[in-house]
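Each protein sequence line maps, in turn, to chains A and B.
If you count the first sequence from 1, position 281 lands on 281 in UniProt numbering, and the numbers rise without skipping.
If you count the second sequence from 1, position 108 lands on 108 in UniProt numbering, and the numbers rise without skipping.
Please keep in mind that the hints were generated in silico from the structure rather than gathered at the bench.
Heads up, the beta-carbon is just placed ideally off N, CA and C, and yes, glycines get one too.
Please note: incorrect hints may appear among the correct ones.
Sample of chain B residues facing chain A (criterion: CB under 8 Å; computed from the structure) [stated by the list, open to error]:
no.: 1; residue: T124
no.: 2; residue: A126
no.: 3; residue: P148
no.: 4; residue: E167
no.: 5; residue: Q168
no.: 6; residue: R170
no.: 7; residue: V171
no.: 8; residue: G173
no.: 9; residue: F174
no.: 10; residue: S175
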Amino acid sequence: MAEVRFNKVRKKYGSTVIVDDVDIVFPDGSLTVLVGPSGCGKSTSLRMLAGLEEISGGEIMIDGRVINGLEPRDRDIAMVFQNYALYPHLTVLENIAFPLRATKTRRADALRRAQDVADSLGLGALTSRKPKDLSGGQQQRVAIGRAIIRQPAVFLFDEPLSNLDAKLRVETRFELLQIQRRLGITAVYVTHDQEEAMTMSDRMVVMRDGRVAQSGRPDEIYARPNSVFVATFVGSPKMNILSGTIADGAFTSPSGSRIAVGSTPAHDAVILGVRPDDLTLSPSPTGTAKVALVELLGPRAIVHLDASDDRLTSVVDAAALADLPVGALVDLSVRPGALHLFDPASENRLIEV
Amino acid sequence: MTRRTNLWSVARALLLWVAALTVTLPLLWVALASFKSPAQLNDPGLVLFAPNLDNWARVLEAGVLDAAGRSAMVATITVAISVVAGSMGAYAISAYKTGGSATRFGILAAQVLPPAVLVFPFLTMAYALRLDTTYIPVIFAHLSFVLPVITWFLIGFFDAVPRSLEEQARVDGFSRFAAFRMVVLPQVLPGIGAAAIFGFTLSWNDMFYGLILAPTQETILPVAIAAFNTFRGVELGAMSAAIIIAVVPVVIASFFIQRRLVQGISGGAVKF
Chain A
1 MAEVRFNKVR KKYGSTVIVD DVDIVFPDGS LTVLVGPSGC GKSTSLRMLA
51 GLEEISGGEI MIDGRVINGL EPRDRDIAMV FQNYALYPHL TVLENIAFPL
101 RATKTRRADA LRRAQDVADS LGLGALTSRK PKDLSGGQQQ RVAIGRAIIR
151 QPAVFLFDEP LSNLDAKLRV ETRFELLQIQ RRLGITAVYV THDQEEAMTM
201 SDRMVVMRDG RVAQSGRPDE IYARPNSVFV ATFVGSPKMN ILSGTIADGA
251 FTSPSGSRIA VGSTPAHDAV ILGVRPDDLT LSPSPTGTAK VALVELLGPR
301 AIVHLDASDD RLTSVVDAAA LADLPVGALV DLSVRPGALH LFDPASENRL
351 IEV
Chain B
1 MTRRTNLWSV ARALLLWVAA LTVTLPLLWV ALASFKSPAQ LNDPGLVLFA
51 PNLDNWARVL EAGVLDAAGR SAMVATITVA ISVVAGSMGA YAISAYKTGG
101 SATRFGILAA QVLPPAVLVF PFLTMAYALR LDTTYIPVIF AHLSFVLPVI
151 TWFLIGFFDA VPRSLEEQAR VDGFSRFAAF RMVVLPQVLP GIGAAAIFGF
201 TLSWNDMFYG LILAPTQETI LPVAIAAFNT FRGVELGAMS AAIIIAVVPV
251 VIASFFIQRR LVQGISGGAV KF
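Working from the sequences, and respecting the hints, build out all of it.
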């Protein structure tokens, strides 16, 4: 049990800054996801916390104790790597028991505890196998078992699900979350998958170019992204982004797209963001947008629109599709409360209107 | 298409046969010679004859087996030191890029030196340290070429071990060295076995350093073989028997490591 804190943490390779004065708090017992595109510094941050990369500046603290110079083994952490890093020459049971060998636990005790962990993960029948004889999902469980056996202060996960196929990924995501909740151990989880980040995290830290772009609860970030980058990175399908002007209750882009925005105050130049779920379509012979393609998802459907030069997407009920054949003209509108407005120069969120 | 494939496979088989015969015929000839009397030795083409064991008796009486034992001892100690130091060196070069890309091949640079350049410094040091009646100078001399070769040989094997294994072990509570010993090293054991046999053969076959640095009265195998080239002429029969004693262990060992041998040599050579 421990709070993890990054104070102005920095990582440089030569003159290249990978992580740039990052401040993050990982609350005790929570699962915090570091998410961002590749090269944003999330994995480097995790590896600095693990002690596998040197820290160029700032401090990392676990439970108030600065751990900058400590060896990984003195940090009381457990880590699950993307490729699981199972020891090929050891059996499943020996792999899970391995961290206990460092703590001078008696071999019989260690193996008994490893058996308990294996049973709890549904690996009970596989304990004498070698890693190469396991499926990807089973290997993943062994890696998790090895991480939880020692009851560390902090769990570190480095894209642990990205080598699994899509179905297994969703199942494992849920299991992992349950284990973390049950043990109540602070967890830091790195992924490039925003959906994984949204569904798993208590707190989400979106990173970009070595800095924290935004951090907070996933629902808060989804509802109030503080920049165009975060707005488009989080949420699927991606948020519609258009630049133009707002006047007389309508947004107009230079190419002529028009979206009704109700009572929103006028803006000379603004970047407008609308989540596809919030973009309402009303069929009209004088509509400014045309249905280009429909993707049916089941009860919902993604409608791709051509609005002059802009391409927009909207998510609608499948029931409404009868009125929206390909080629149909539609009017676009958004509730004022569902609008996201960004400054065209800085691309930062404008103060709420 | 099939016609060309057939032609190609015939050509390949032919090439392999030529290569195999080039290697085995002289050995076969030496093996036959070891059972011939001096008179029969004058007829190199003689294949069918009544074998006799005189040459073998002569060789045993001359203490060739003792020399083989001493060679084995020198080679074993050389290899033991080389494997311990070489595996650590190879891992450092593979995982930590110690010395940059230069060391990957640079480590073999000493092979370019003719042994004659090194042997006299070794000899004078051996005298100065009063070690000239021991096998220590020979072992050191053999280390000068066995250790770099074993290190280079193992780099490719270590390249195949994911770095995350060592990192995982360090996170799991072990020091770097413990992680290396308990997790990384077991992954390359087959390579180390092959390297050990390869290194053993290099040491076993060396004559030059042994001739100059080994104690004169109790010398090592290749020197003992050469001793059948006496001032009365070459004792061809006895020498053949001694050569067979020297070659057989190497042939047997090579048979067991042939796959790893290719892996080690190509793995080390392909990657820059």
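Do the hints match the structure? See the list:
1. Of the supplied interface hints, the one on T124 (chain B) is violated, with its beta-carbon coming no nearer than about 46 Å to a beta-carbon of chain A, more than 8 Å.
2. Of the supplied interface hints, the one on A126 (chain B) is violated, with its beta-carbon coming no nearer than about 42 Å to a beta-carbon of chain A, more than 8 Å.
3. Annotation: interface hint on P148 (chain B) violated; nearest CB of chain A at approximately 28 Å, more than 8 Å.
4. Because the smallest distance between the Cβ of E167 (chain B) and any Cβ of chain A comes to about 5 Å, under 8 Å, the interface hint for this residue holds.
5. The interface hint given for Q168 (chain B) is met, as the beta carbon of that residue sits about 4 Å from the closest beta carbon of chain A, less than 8 Å.
6. At about 4 Å, the closest approach between the beta carbon of R170 (chain B) and any beta carbon in chain A falls short of 8 Å, and the interface hint on this residue holds.
7. Taking 8 Å as the C-beta contact cut-off toward chain A, the hint placing V171 (chain B) at the interface holds, the least distance being around 5 Å.
8. Checking G173 (chain B) against chain A: minimum C-beta separation of about 3 Å stays under 8 Å; hint holds.
9. Satisfaction of the interface hint for F174 (chain B) is found here, the shortest Cβ-Cβ separation to chain A being roughly 5 Å, below the 8 Å cut-off.
10. Hint status for S175 (chain B) relative to chain A: holds, with the closest Cβ pair at about 7 Å, below 8 Å.
In this structure, the hints that do not hold are numbers 1, 2 and 3, in rising order.
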